[in-house]
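S.K.: Read top to bottom, the protein sequences are chains P and R.
Our numbering puts the first residue of the first sequence at 45, with every later residue one more than the last.
Our numbering puts the first residue of the second sequence at 23, with every later residue one more than the last.
Since the hints were derived computationally from the structure, they do not count as laboratory data.
Be aware that a few hints might be false.
As the list claims (entries may be wrong) - Computed list of lysine-lysine pairs in DSS-like fashion (alpha-carbon distance at most 25 Å, straight line): (1) R/Lys530 <-> P/Lys345; (2) P/Lys249 <-> R/Lys359; (3) R/Lys485 <-> R/Lys544; (4) R/Lys46 <-> P/Lys209; (5) R/Lys46 <-> P/Lys295; (6) R/Lys380 <-> R/Lys29; (7) R/Lys544 <-> R/Lys432; (8) R/Lys64 <-> R/Lys46; (9) P/Lys269 <-> R/Lys29; (10) R/Lys347 <-> R/Lys380; (11) R/Lys267 <-> P/Lys269; (12) R/Lys217 <-> P/Lys249; (13) P/Lys209 <-> R/Lys166; (14) R/Lys530 <-> P/Lys300; (15) R/Lys267 <-> R/Lys288; (16) R/Lys46 <-> R/Lys288; (17) P/Lys295 <-> R/Lys288; (18) P/Lys345 <-> R/Lys145.
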Amino acid sequence: MKQFIKLFIILLNFSYFSCFPLIASETLNEPIVPIPEPDITNPELIELGRQLFHEPKLSGDGTISCASCHSLTTGGVDQLVVSKGIDNQPGGINAPTVFNSSLNIKQFWDGRAFDLMEQAGGPIQNPIEMGSNWQQVLKVLGNDPAYQKQFAKSFSDGITSNNIKAAIVAFEETLLTPGSRFDQYLLGSKDAISGEELAGYQLFKQYGCTSCHQGMAVGGNLFQKFGIMNDYFADRGNIGEADFGLFNVTKNEVDKYVFKVPTLRNIELTQPYLHDGSSSTLDDVVEKMMVYQLGITPVEKDIELIVMFLKTLTGTYQGKPL
Amino acid sequence: MINSTVKSFLNVCVVLILIIVAAKLFLSSWVNYQIHKSPIEKVRAVQQEAANVIQNTLLMESGEHIHYDYLATSEKRTKIILDELDSPELMQFITAVEETLDVSSKIKSTFAVFQNSLFFFPKGIALIRNELVINKQMHDLISKVDDLERAVMQFTIATVNKKNTTELYAQIRQLKTDLLLLPEMHSKAITQLLKHTEVLISYSMQLQSLNTRLLSNKINTHAQTLIDSYHQNEEHEIQNAIQMKNYFYISLLALFLYLLGLWWKKHNSMVIKLQNSAEELEEARDVAESANKAKSEFLSNMSHELRTPMNAVIGYSEFLVDVAKMRGQEDMIPDLKKIRFAGGHLLNLINDVLDLSKIEADKIELSLESTSIDALLTDIKTTSAPLFEKNDNRFEHVAVNQLGEGFVDKTKVNQILLNLLSNAAKFTQEGTITLTSERITESETDYFVFKITDTGIGIEPEKLEDIFEPFTQADLSITRKFGGTGLGLSISRKYCELMNGELSAESKEGEGSTFTVKIPDKI
Numbered sequence: 045m046k047q048f049i050k051l052f053i054i055l056l057n058f059s060y061f062s063c064f065p066l067i068a069s070e071t072l073n074e075p076i077v078p079i080p081e082p083d084i085t086n087p088e089l090i091e092l093g094r095q096l097f098h099e100p101k102l103s104g105d106g107t108i109s110c111a112s113c114h115s116l117t118t119g120g121v122d123q124l125v126v127s128k129g130i131d132n133q134p135g136g137i138n139a140p141t142v143f144n145s146s147l148n149i150k151q152f153w154d155g156r157a158f159d160l161m162e163q164a165g166g167p168i169q170n171p172i173e174m175g176s177n178w179q180q181v182l183k184v185l186g187n188d189p190a191y192q193k194q195f196a197k198s199f200s201d202g203i204t205s206n207n208i209k210a211a212i213v214a215f216e217e218t219l220l221t222p223g224s225r226f227d228q229y230l231l232g233s234k235d236a237i238s239g240e241e242l243a244g245y246q247l248f249k250q251y252g253c254t255s256c257h258q259g260m261a262v263g264g265n266l267f268q269k270f271g272i273m274n275d276y277f278a279d280r281g282n283i284g285e286a287d288f289g290l291f292n293v294t295k296n297e298v299d300k301y302v303f304k305v306p307t308l309r310n311i312e313l314t315q316p317y318l319h320d321g322s323s324s325t326l327d328d329v330v331e332k333m334m335v336y337q338l339g340i341t342p343v344e345k346d347i348e349l350i351v352m353f354l355k356t357l358t359g360t361y362q363g364k365p366l
Numbered sequence: 023m024i025n026s027t028v029k030s031f032l033n034v035c036v037v038l039i040l041i042i043v044a045a046k047l048f049l050s051s052w053v054n055y056q057i058h059k060s061p062i063e064k065v066r067a068v069q070q071e072a073a074n075v076i077q078n079t080l081l082m083e084s085g086e087h088i089h090y091d092y093l094a095t096s097e098k099r100t101k102i103i104l105d106e107l108d109s110p111e112l113m114q115f116i117t118a119v120e121e122t123l124d125v126s127s128k129i130k131s132t133f134a135v136f137q138n139s140l141f142f143f144p145k146g147i148a149l150i151r152n153e154l155v156i157n158k159q160m161h162d163l164i165s166k167v168d169d170l171e172r173a174v175m176q177f178t179i180a181t182v183n184k185k186n187t188t189e190l191y192a193q194i195r196q197l198k199t200d201l202l203l204l205p206e207m208h209s210k211a212i213t214q215l216l217k218h219t220e221v222l223i224s225y226s227m228q229l230q231s232l233n234t235r236l237l238s239n240k241i242n243t244h245a246q247t248l249i250d251s252y253h254q255n256e257e258h259e260i261q262n263a264i265q266m267k268n269y270f271y272i273s274l275l276a277l278f279l280y281l282l283g284l285w286w287k288k289h290n291s292m293v294i295k296l297q298n299s300a301e302e303l304e305e306a307r308d309v310a311e312s313a314n315k316a317k318s319e320f321l322s323n324m325s326h327e328l329r330t331p332m333n334a335v336i337g338y339s340e341f342l343v344d345v346a347k348m349r350g351q352e353d354m355i356p357d358l359k360k361i362r363f364a365g366g367h368l369l370n371l372i373n374d375v376l377d378l379s380k381i382e383a384d385k386i387e388l389s390l391e392s393t394s395i396d397a398l399l400t401d402i403k404t405t406s407a408p409l410f411e412k413n414d415n416r417f418e419h420v421a422v423n424q425l426g427e428g429f430v431d432k433t434k435v436n437q438i439l440l441n442l443l444s445n446a447a448k449f450t451q452e453g454t455i456t457l458t459s460e461r462i463t464e465s466e467t468d469y470f471v472f473k474i475t476d477t478g479i480g481i482e483p484e485k486l487e488d489i490f491e492p493f494t495q496a497d498l499s500i501t502r503k504f505g506g507t508g509l510g511l512s513i514s515r516k517y518c519e520l521m522n523g524e525l526s527a528e529s530k531e532g533e534g535s536t537f538t539v540k541i542p543d544k545i
């Protein structure tokens, strides 16, 4: 027995030392990757999540649901500079889109939530957003026989804050937008985008936009300082807490003005742009990026082409164009 | 009783404790063995993911197209496993991994900017050079731009030391001063280039230090320490588990032995009890056998030793009466008759005692035969007639119905009825003795019922059952007054019972008694 165990340990050691082969790296020919179709493994849970996502009872006064600020009909955002919470209270920051949010490396502009599970509880308990608390939410949902039934189907322990979040997350994970014209182009349909749009994409790469905006979500997988080449916040003025970004999470001076690079998918629909919602048009935001992030002199013709390219990133949800 | 309850309670307690100990030992041996398997696997998984992140970060910096999504997935996976590994001994390891992930993500951001500036820098240089050449004004500036380009390229590509940086900054400062001499449009291009130069220098230095941090991570060291300690622990736990398992087997054995002991004790006590009771039974049997033997011997002795002389006494007393009559010695006759009477009485007594003894020794055997009971009754009436004359009694026979045939012991029935009739005659003076005979059917069986009713002295109710006991008469004076052995009724009842019948009596003191004999027509 003892010898057998020793042999076992030796084998473990062996596997340990041999666990560093050259790890195959995923190389890419294009910095942007097509979005896959959502994976629907648990339709009941997703349906429950869909209902909760649209459920105003989750808010303190029963007026606001997740969908109030992340409407699926307007690109997953409210198209306001800053969102309005209960009692019309203005929020501190521009609402990021819920579409493709599961592809983000972290959640919120400042990345304070590790994943959607961590994010989902945030707005519900934020006094200026949905202004409620779990005790109240559990009570309200607990009084609803339809929810009781649905929760019982998906969870053994019924209605709990974790289960509410899990259902919402399960739904949000299906909010992918595949099938954009640009994805079609990437997948081999060379006619899916026009020559000008393709030229815009070439410029997008040449200017170095893809240094940050890359991957499936064309962003969302990197943190970057806003205003590398020129001081954006000095030019804009009126610096608030929301402008500090990652600094608010890490309290580390070098993380000041560092934000999660936002996704450019469906960018055509998610105006106004930037964390402060200061750009109402794509032309304006591309110009800002050229000045503050790339440190180059903006060229109007190039901006026009890049914006044309950006508009090819609008995908579909449930088979219909957004 | 209390003692045995306490004992069994204690036994149950001991058994329960042993079972609990065994179960606990079994569980602890198994659980401990399992606990330390998963952390090692998780530490290894984290190690592998972290290695993946480091490798891909370095590949990305060397110009490979590494997808951020790919790195991000690795980071996420690592974070998820790290969250599960929340234990104080892992703190150093977790901190090292988290720092590595942080450095890697900073390298990503820094490198993105650095790359862009690196991409822009030659273009900026070319632009400025072009314009300077066109203006043909600042020939010395061109050489300075050349110097700058060379220095920056060296700086970014080759290993940097502090001297290079200082030289480079001096050159940039000099260029800045010279730029003031240029027309506005050119100075804008220069400013842009200088900004990118600054970014290149500072970000390149950042990357250098980040890379140093990335490569000098202590993940493997901490992981190795952890795994070593886990292995030690694991071996220790395995040893413990083996020991626990041994204890478990020992406790099981103890439990088994204890139960065996309990069973053996119980089994033994039962065997002893059985042995004892068997011996007792044997003794009792021996006693009973010897008693029976003695009784049988006594009975056979009685028959021979008592009856023979009694027969001689009776025979010779009768013979002597005849002799006395013949010789005219009349005065001797009363004395001889007394001897004859006493002898007859004694013989009767002996016969009765013998009969009773035989019944009690189960030596009586019924000689059953088909008999006409009516004829039997006629015989009895004839035989008993002299009895009634003695006390001037009247005898009546009431036959309710024909009795018919019966499969009975004729002699015994005869004896019972004669005994009862003689009793009735004995205790009645100038009265009436009635014999009622009847055949009845009760629950599918035919019975002969004989009722002997007298108008004699009667029996007290409380003594009514006593009269059936041997040697008991209602009153001690009765024996003297009426004679008799006091065995007749008990013998009669025993005979009735032998024939599955019954003999019962009812009486009213001073008014008379009724004895009822009930015998089935066949046995």
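S.K.: All hints, please: hold or fail.
M.R.: Taking the hints in turn, this is what the structure says about them:
1. Under the criterion of a C-alpha separation no larger than 25 Å, the hint pairing R/Lys530 with P/Lys345 is inconsistent with the structure, at around 150 Å.
2. At most 25 Å may separate the alpha-carbon atoms for a hinted pair to count; P/Lys249 and R/Lys359 exceed this at roughly 165 Å.
3. For the hint linking R/Lys485 to R/Lys544, the alpha-carbon distance of about 32 Å lies beyond 25 Å, and the restraint is violated.
4. Restraint check for R/Lys46 and P/Lys209: not satisfied, since their Cα atoms lie roughly 39 Å apart, outside the 25 Å limit.
5. With a CA separation close to 50 Å, the supplied pair R/Lys46 and P/Lys295 exceeds the 25 Å bound.
6. With a C-alpha separation of about 53 Å, the suggested pair R/Lys380 and R/Lys29 falls outside the 25 Å cut-off, and the hint is violated.
7. As the CA atoms of R/Lys544 and R/Lys432 are separated by approximately 12 Å, the hinted pair is consistent with the 25 Å bound.
8. Of the supplied pair hints, the one linking R/Lys64 and R/Lys46 is violated, its CA atoms being roughly 28 Å apart against a limit of 25 Å.
9. Proximity of P/Lys269 to R/Lys29 is assessed by CA-CA distance (about 82 Å); at most 25 Å being required, the pair is judged violated.
10. Restraint check for R/Lys347 and R/Lys380: the C-alpha separation of about 41 Å exceeds 25 Å, so the hint is violated.
11. Simply put, R/Lys267 and P/Lys269 have alpha-carbon atoms about 60 Å apart, too far for the 25 Å limit, and the pair is violated.
12. Restraint check: the Cα-Cα separation between R/Lys217 and P/Lys249 comes to about 21 Å, which is no more than 25 Å; the hinted pair holds.
13. This hinted pair does not check out: P/Lys209 and R/Lys166 have alpha carbons roughly 62 Å apart, beyond 25 Å.
14. For the hint pairing R/Lys530 with P/Lys300, the CA-to-CA distance comes to about 132 Å; that exceeds 25 Å, so the pair is violated.
15. Proposed proximity of R/Lys267 and R/Lys288 is contradicted: the alpha carbons are some 31 Å apart, above 25 Å.
16. A threshold of 25 Å between alpha carbons decides the hint, and for R/Lys46 with R/Lys288 the separation of about 29 Å lies outside it, so the pair is violated.
17. Taken as a hint, the P/Lys295 and R/Lys288 pair is broken in the structure, with Cα atoms around 79 Å apart against an allowance of 25 Å.
18. At most 25 Å may separate the alpha-carbon atoms for a hinted pair to count; P/Lys345 and R/Lys145 meet this at roughly 19 Å.
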